[in-house]
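All chains should be modelled from the sequences, with the hints used to inform the complete structure.
So the protein lines, in turn, are chains A and B.
Final position of the first sequence in the working numbering is 142; the numbers increase by one with none missing.
Final position of the second sequence in the working numbering is 1274; the numbers increase by one with none missing.
No lab work stands behind these hints: they were computed from the structure.
Among the clues, some could well be false.
[Stated by the list, open to error] No farther apart than 16 Å at their CA atoms in a straight line, the calculated lysine to aspartate or glutamate pairs in the EDC-like style are these:
1) K68/A to E52/A
2) K34/A to E1174/B
3) K36/A to E1174/B
4) K34/A to E1177/B
5) K1197/B to E26/A
6) K1125/B to D1202/B
7) K56/A to E107/A
8) K1263/B to E1085/B
9) K34/A to E1159/B
10) K66/A to E83/A
11) K36/A to E1159/B
Computed from a predicted model, the values in this text were never measured in an experiment.
Below, each chain spelled out in residue letters.
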Amino acid sequence: MQAHEPTNPIPMFNKPETKEKFKEVETIIGPSIKVKGNFNGQGNIVVEGILEGSLKTNGDVFIGDKAKISANVEAREVHVSGEVNGNIKVKKHLDMISTAKIAGDIECASLAIEQGATFNGKCSMAAEISKESVKEIKAVKN
Amino acid sequence: MHVYIYDGYVNAKKYDTVLAHIETRITDLGLNGKIIRLGVMKNVAEAVANEIKHGAKTIIAIGNDQTINKIINSVALFAINNQTEVNIPLGLIPVGEKGNDIAPALGIEPGEKGCDVLSARRIAKLDLGLAQTTNTSGQLSNYYFLSQANIPCQGTFLEINPLKGSIKSKFSIEVMEPGEINIINLSTLTDLPPKAKPNPQDGKLELYIKTKTAKKLSKLTSQISQSVFSSKKITVINKKSPLILDNSLNIKTPAEITVLSQKLNFIVGKERRF
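Right, dumping it as structure tokens:
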């Protein structure tokens, strides 16, 4: 009789795969790096160090578990494992891993929060935030 | 006419055989030309300017990274002094094992095989790095590089500036661990992360920072961390250490580094890394 092999449960949060998903990375901010200022990118960004100011990209952002961000973040998709002090605006999906700590408001189309993650702030969710809707919101505000 | 510029160090006796083989191969391929031997009394900028005026068809460096850096700076100086563009293709035949990191990146093998690359005359338009410094009297100095500019992390402060007319990023980078900063146009490094793809034809510079963090318990096991940024204009400030261009030319900082898009015609090999 064959021994029953335990099957691996389907992971809800693919921690190791998340970073690997970033095949094309424009910028890597390593653990021993401190970046201050307005960072505007086009592609995917991996943050493992310290970032102060603002972070904007048309691609995805991966925030590592040792990262400390004091900035507003704007991107297509964001995966957070580290600390973020600032607002996060995501066009598509925001992932918060168990080690994530967010102090700020978040705006996204879809959200996943793993057990253990900390989030202090407001959350507003809508269908995918398009450029037009952003313009409309700005127009209303003005 | 082809002009071959021999660096001073290749005059050493140990290179006699290599040079004899190169010269024979050049003759066989019908690429004969004028030979200029650099030495203490020979000014490379003057020699290059003279050959450009006399209609050189190709200028080939016989030497290493330092040789090609000297020639690039001499050609640039001629272009500035005469307010003209110099489109003469440059070539390189590497001699010796030390300080020859640019040749493999360009797909050029040492010795006789390097002559075959010249013969194939595969010309690529390459970007050129420009480091500008200002001295105490406000005079601007230009230094050019093909491969990369290096400086130690300790005491170095970097500013990434937007180009005129653009609303791109403006930020500063501080490195908190010892290591090395490389500002890359043409990569000669073999340990770059696979996600970083420097290309000397994309009009951009890759800023690569490699640091080592020694663990408290054992100094033997250290953690290496890598950072990669892409930019067109970088200001480097370090009061103690100089910036090293092409592993050969030391310049003082603050230096503003930019890239001149597809400014240089270079004869490259099939096995080039871009």
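Right, here's what the structure says about each hint:
no.	hint	in the structure
1	K68/A to E52/A	holds (9 Å)
2	K34/A to E1174/B	holds (5 Å)
3	K36/A to E1174/B	holds (8 Å)
4	K34/A to E1177/B	holds (11 Å)
5	K1197/B to E26/A	holds (9 Å)
6	K1125/B to D1202/B	holds (10 Å)
7	K56/A to E107/A	holds (14 Å)
8	K1263/B to E1085/B	holds (9 Å)
9	K34/A to E1159/B	holds (12 Å)
10	K66/A to E83/A	holds (8 Å)
11	K36/A to E1159/B	holds (9 Å)
The structure fails none of the hints (numbered hints given earlier).
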